[in-house]
Amino acid sequence: MTAPTDSEIYDKICELLKPYNPKNHPIEPSSGIMSDLEVDSVAVFDVIMEIEDHYDVSIPMEMVSDIKTVGELVTAVKGLTA
Amino acid sequence: MTKLFDKYAPLQTRVDMMMKMGSDALGVEFDDIISATRGRIGNRDILLAGTNNYLGLTFDEDCRTAAKTAVDDHGTGTTGSRIANGTYSEHVDLEKALAEHFGMPSCVVFTTGYQTNLAAISGLAGDKDVIFMDADAHACIIDGSRLTNASTIRFRHNNPEDLDKRLRRRGEIEGGNALVVIEGLYSMFGDVAPIDEFVDVTHRHGGYLFVDEAHSYGTFGPTGCGLAEAQGVLDKIDFISGTFSKSLASVGGFCASKHPEFEITRKVMRPYMFTASATPANICAARVAVDKIKAGGHLRDNLKDRGEQLHAGLKALEFDLCAEPSPIIAVRRPNEGLAAMEWNWLMDNGVYVNLAVPPGTPQSSSLLRISLSAAHTEADVQVIIDAFAKMKASQGEIMSNMMSKLQAAE
Chain A
1 MTAPTDSEIY DKICELLKPY NPKNHPIEPS SGIMSDLEVD SVAVFDVIME
51 IEDHYDVSIP MEMVSDIKTV GELVTAVKGL TA
Chain E
83 MTKLFDKYAP LQTRVDMMMK MGSDALGVEF DDIISATRGR IGNRDILLAG
133 TNNYLGLTFD EDCRTAAKTA VDDHGTGTTG SRIANGTYSE HVDLEKALAE
183 HFGMPSCVVF TTGYQTNLAA ISGLAGDKDV IFMDADAHAC IIDGSRLTNA
233 STIRFRHNNP EDLDKRLRRR GEIEGGNALV VIEGLYSMFG DVAPIDEFVD
283 VTHRHGGYLF VDEAHSYGTF GPTGCGLAEA QGVLDKIDFI SGTFSKSLAS
333 VGGFCASKHP EFEITRKVMR PYMFTASATP ANICAARVAV DKIKAGGHLR
383 DNLKDRGEQL HAGLKALEFD LCAEPSPIIA VRRPNEGLAA MEWNWLMDNG
433 VYVNLAVPPG TPQSSSLLRI SLSAAHTEAD VQVIIDAFAK MKASQGEIMS
483 NMMSKLQAAE
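Heads up: the sequence lines are chains A and E, in that order. Per the working numbering, the first sequence starts with residue 1, numbered consecutively. Per the working numbering, the second sequence starts with residue 83, numbered consecutively.
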């Protein structure tokens, strides 16, 4: 299987974030997942589990704590799927 | 320039909103606690239905006598940690009693339940180990993992198959081990873990299973050891932790292990080494409570009956309940504002439950959480059901009251 591109990962993450973004804040690569999209600290980890399952990768919690924006999440997933 | 507390502005707004709905649900002040099931605020008697006092032993005569005698004999505090002057023969005796109850060779007693998981998890998981924790794990499990340099992976709540998948995905842990951490009875929804299935999955992958029985020690199992005992797998659990501040009606915590080598962690667990040990009164009250738990089949029977009574009563009123009957019954509400209004309404009508809101709850739920006690009578539980029925009948009034308070706040 070929590694997904940045834009494929970005689109997938936006899709997975949708149910956790009930106020429909616009999602940009620079959007803060908790600060702008208002995803609570527990729900963030639920999104992470969905991403882990989609790409069949492990994203440990200590890595998640360094990820603040959607773009940073894309970069992290890109690194794990490369 | 940013000020130190500016970061809390959004939280302050949320708290201000809650205060406009009534009083602070997260800062209730009781003027008196009269018994295991009754408190008083001003001249109002309050039925306590949210205190985790599962066996109602806080006012047990023998427990109280043990605590009072301990103060007279050994003073009010130990003023030292377990590794300095804070280990009395009573601390060791309690450790032996708990180890014997679990049929395990090692048990360590801690100053609080929170510190127990903080200490045990950080003591067990080293740099090369990997912690696998249930998605609904309590804050002390999350914080314990943060004190380690171990990698931490979450698996879906109460889902052994999901754990299996994530253990397989992670593959071989070079130079380390998998430590799987679950709870027996989950504090928010009151749902029970399939511990027997987790034992199979964990051990198939060569991992160690850590079960927090904070809410289930004393309340489940033929001798009150908890859900591992109830599910027939007590002898297969690597580590069992628990608290004194629920069924044991005191303050403190413990971790027991079937591995005698667990004793070495006394020399590395920072939340054990660098805090004062539990007071003689707390330790001696808990010691008596252990015996009460072992012989407490009648208490567990009543607790089970009351849980079934309350569950059936609330279900008949068509409330959305989060789990099957247990000593914890959580009622899911549509949003935080309404839950806060209803919580105030219940207090005004003489019933104390817990208001639980995100992020402290699974699935971003807003809950009215009830915890029952063996000290509750059938009539007490009927009072709770009647209060919820009346609250439901008053929904229109509660809603309009909320709207007017929200408008006044704008």
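Read the hints as simulated data drawn from the structure, not as lab findings. Be aware that a few hints might be false.
Unchecked claim - Lysine-lysine pairs mimicking BS3-like chemistry, simulated, CA-CA at most 25 Å apart:
| hint | chain 1 | residue 1 | chain 2 | residue 2 |
| --- | --- | --- | --- | --- |
| 1 | E | Lys102 | A | Lys23 |
| 2 | A | Lys12 | E | Lys247 |
| 3 | E | Lys349 | E | Lys178 |
Status of the hints after comparison with the structure:
no.	hint	in the structure
1	Lys102(E) - Lys23(A)	holds, 23 Å
2	Lys12(A) - Lys247(E)	holds, 21 Å
3	Lys349(E) - Lys178(E)	holds, 19 Å
Of the numbered hints given earlier, the model fails none.
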